[in-house]
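Student: Listed below are the residues making up each chain.
There are 2 protein chains.
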Amino acid sequence: MSLPSDRFTGVLAAALTPQTADGTPDGKAMTAHCNWLLANGCDGLAILGTTGEANSFGLKERIRIIEGLVEAGVPGETLMPGTGSCAVSDAISLTKVAVNAGARGVLMLPPFYYKTPSDEGLFAHFSEVIQGVADDRLKIYLYHFPQMSATPISYNLIEMLIKAYPDTVVGMKDSSGVFDNMAGAAKNFDGFCVLAGADDLLLSLLEQGGGGCITACANVASSLAGQVYNGFHAGEDVTKANATLTQVRQVISSFPPGAPALKTLMARHCGNDDWLNMRPPLQNLSGEKASELFAAFDAIDYQMPAI
Amino acid sequence: MSLPSDRFTGVLAAALTPQTADGTPDGKAMTAHCNWLLANGCDGLAILGTTGEANSFGLKERIRIIEGLVEAGVPGETLMPGTGSCAVSDAISLTKVAVNAGARGVLMLPPFYYKTPSDEGLFAHFSEVIQGVADDRLKIYLYHFPQMSATPISYNLIEMLIKAYPDTVVGMKDSSGVFDNMAGAAKNFDGFCVLAGADDLLLSLLEQGGGGCITACANVASSLAGQVYNGFHAGEDVTKANATLTQVRQVISSFPPGAPALKTLMARHCGNDDWLNMRPPLQNLSGEKASELFAAFDAIDYQMPAI
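These protein sequence lines map, in sequence, to chains A and H.
For what it's worth, numbering that gives the first Met the number 0 labels the leading residue of the first sequence as 0, then goes sequentially.
For what it's worth, numbering that gives the first Met the number 0 labels the leading residue of the second sequence as 0, then goes sequentially.
These are calculated hints, taken from the structure and not from any lab test.
Errors might be hidden in some of the hints.
From chain H, some residues computed to sit far from chain A (all C-beta separations above 12 Å) [claimed, not checked]:
hint : residue
1    : 35
2    : 49
3    : 55
4    : 59
5    : 89
6    : 115
7    : 117
8    : 120
9    : 136
10   : 149
11   : 158
12   : 180
13   : 255
14   : 271
15   : 278
16   : 299
Restricting the straight-line Cα-Cα distance to at most 27 Å, the calculated cross-link-like pairs of lysine-lysine (BS3-like) are [to be verified]:
hint : chain 1 : residue 1 : chain 2 : residue 2
17   : H       : 59        : A       : 59
18   : H       : 186       : A       : 59
19   : A       : 95        : H       : 59
Keep in mind it's a predicted model, so treat the numbers as computed, not measured.
Just so you know, even glycine gets a beta-carbon here, dropped at the ideal spot from N, CA and C.
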């Protein structure tokens with residue numbers, strides 16, 4: 000039940016996007032954050048995902064984020080940028096940039112404006128992207144997050160895509176929170192690399208042949224997720240690390256949509272309030288909410304690694 | 000209860016976007032379609048809306064569509080382009096283009112990726128757009144379409160925006176289908192120009208002080224909508240035109256999301272199958288569905304105006 004070696008397995012952080020006061024992505028701060036994550040349990044960086052506020056940036060800004068990280072020395076092979084778009088033309092442009100930057104994979108949202116599209120319509124969209132990119136290096140991880148995209152990735156669609164593009168459509172991030180869906184996909188589709196979108200499901204998914212996780216909480220707790228992932232593969236008892244990781248997840252989950260709470264924790268940890276900058280419609284936590292967050296987070300038996 | 004004269008009242012078509020076989024917007028065909036609509040009952044053109052597949056085009060493509068129409072002689076003052084975006088930066092860029100093209104208004108979706116954003120977060124987004132465009136000519140019509148955007152425009156948000164930007168936020172297209180919501184907004188907010196997103200609610204909304212409509216069906220039935228709008232203001236009996244318009248609406252509504260059915264009707268009417276081109280995830284009607292559509296549409300006592 001082992002996955003092909005080219006699959007992007009392990010612990011990936013849905014990396015936050017640090018910004019200056021006017022909302023411009025701060026490449027220097029983001030590079031530092033990515034390097035810190037890679038040094039503390041992360042195998043990869045799922046930049047430009049939901050937690051990274053990808054859809055709040057335009058195409059040019061997203062391109063600059065990807066290229067800027069690689070220029071600053073973050074290895075392309077550690078990256079799984081989000082490159083999905085409602086517009087097939089933008090998805091092609093951004094995916095080409097990611098592939099040329101050496102990204103080991105891309106995380107692809109379906110087009111998410113029109114609701115209840117047919118599987119044939121979604122297949123046509125992904126097909127046009129794959130054929131438009133036209134690059135054998137492209138490895139796509141489908142992004143199933145119905146609560147946010149309102150556009151689920153069905154097993155039927157996965158089957159259609161794997162059949163047509165077996166060397167390109169290689170996995171899925173499942174952020175639905177429905178364990179049976181992710182475990183079922185890992186079991187049903189041979190060689191398909193399923194990554195849990197929730198830290199508390201990582202261990203159970205690994206036991207079912209899953210590839211790892213891509214999570215928001217990994218921004219502040221990648222070392223714990225790394226302990227679970229590596230310990231599992233080493234046959235060690237990871238009960239304690241898993242329990243602690245689950246506690247972190249529970250705390251962050253109680254401050255949806257996650258990114259503001261994580262930025263609040265990073266601002267305190269780095270002693271730098273620039274971390275509080277984010278793009279609307281996301282908004283900073285109120286002072287009261289931030290205090291609640293700190294109290295709940297500090298009650299966990301866990302220390303964030305030093306910057 | 001009359002609206003200020005600068006409001007964009009009347010019948011606006013949520014204009015379709017003709018495309019070449021590879022999905023490139025066809026400027027020449029779109030110009031012809033827009034001119035035909037203006038000659039047959041339309042007071043304005045809400046290009047780049049849901050029916051116009053706006054979110055299926057990238058920023059550059061959308062800019063080209065707006066500028067191309069004006070270069071081809073479509074008067075800027077007839078345009079209400081959709082310029083909303085999940086990314087505040089793109090919304091600013093596109094809105095500037097629309098204003099500089101002479102658009103009488105813009106139709107603005109809220110950022111629609113993050114679900115259940117706060118009104119404060121949405122207010123911050125619209126504020127950044129308005130301040131980023133920084134142009135007194137800007138007139139925004141908020142786009143309330145919860146079934147598609149999954150991001151409603153609440154009365155509370157309207158109130159916040161009108162208070163902060165009384166000369167800029169001047170109306171709303173309400174595509175919710177909830178008559179009480181649109182009538183309530185027309186009554187509650189003085190001078191606020193509410194446009195119905197559904198043809199069958201046009202007459203009732205006019206009776207409550209509404210400004211008119213922006214509809215998908217106007218692509219094929221703007222002459223009927225024009226008869227209802229103009230007849231109402233002339234104090235004429237518009238019962239028959241309204242009943243026929245409602246029948247058209249009922250037929251198109253039974254083929255969601257509308258754009259494929261409308262393109263199918265236009266292809267037949269123009270004798271040009273290029274009209275069937277559209278971007279995924281939208282898909283053409285099957286042959287069987289197209290036959291059903293033709294049968295239902297042809298049963299209505301209505302002839303589309305000659306091309």
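Student: For each hint, tell me whether it holds in the structure or not.
Tutor: Cross-check of the supplied hints:
1. Every beta carbon of chain A lies more than 12 Å from that of residue 35(H), the smallest distance being close to 26 Å; the non-interface claim holds.
2. With 12 Å as the threshold on Cβ separation, the claim that residue 49(H) sits away from chain A is violated: the shortest Cβ distance comes to roughly 8 Å.
3. For residue 55(H), the shortest C-beta to C-beta distance to chain A comes to about 5 Å, within the 12 Å cut-off, and the non-interface label is violated.
4. For residue 59(H), the non-interface assignment is contradicted: its Cβ lies about 8 Å from the closest Cβ of chain A, within the 12 Å cut-off.
5. Chain A draws residue 89(H) into its interface by the beta-carbon criterion, the shortest separation being 4 Å against a cut-off of 12 Å.
6. Non-interface status of residue 115(H) relative to chain A is broken: a Cβ of that chain comes within 12 Å, the nearest being about 8 Å off.
7. With a minimum CB-CB distance of about 6 Å to chain A, residue 117(H) fails to clear the 12 Å threshold, and the non-interface call is violated.
8. Distance check for residue 120(H) against chain A: the nearest CB is about 3 Å away, which does not clear 12 Å, and the non-interface claim fails.
9. Look at residue 136(H): its CB is around 23 Å from the nearest CB on chain A, clear of 12 Å, so calling it non-interface holds up.
10. Listed as outside the interface, residue 149(H) is inconsistent with that label: its C-beta sits roughly 5 Å from the nearest C-beta of chain A, within the 12 Å cut-off.
11. With a closest Cβ-Cβ approach of about 17 Å to chain A, residue 158(H) is found to remain outside the 12 Å limit, as its non-interface label requires.
12. With a least beta-carbon separation of about 19 Å from chain A, residue 180(H) lies farther than 12 Å from that chain, consistent with its non-interface assignment.
13. Residue-level check failed: residue 255(H) sits 8 Å from the nearest beta carbon of chain A, not beyond 12 Å.
14. At roughly 22 Å from the closest C-beta of chain A, the C-beta of residue 271(H) stays outside 12 Å, upholding its exclusion from the interface.
15. The Cβ of residue 278(H) sits about 6 Å from the closest Cβ of chain A, inside the 12 Å cut-off, so the non-interface label is violated.
16. Its beta-carbon lying about 26 Å from the closest one in chain A, residue 299(H) satisfies the requirement of being farther than 12 Å from that chain.
17. Proposed proximity of residue 59(H) and residue 59(A) is supported: the alpha carbons are some 11 Å apart, at most 27 Å.
18. A hinted pair counts as satisfied when its Cα atoms are at most 27 Å apart, and residue 186(H) with residue 59(A) does not qualify at roughly 42 Å.
19. For the hint linking residue 95(A) to residue 59(H), the alpha-carbon distance of about 17 Å falls within 27 Å, and the restraint holds.
Comparing the model with each earlier hint shows violations of hints 2, 3, 4, 5, 6, 7, 8, 10, 13, 15 and 18; every other hint is respected.
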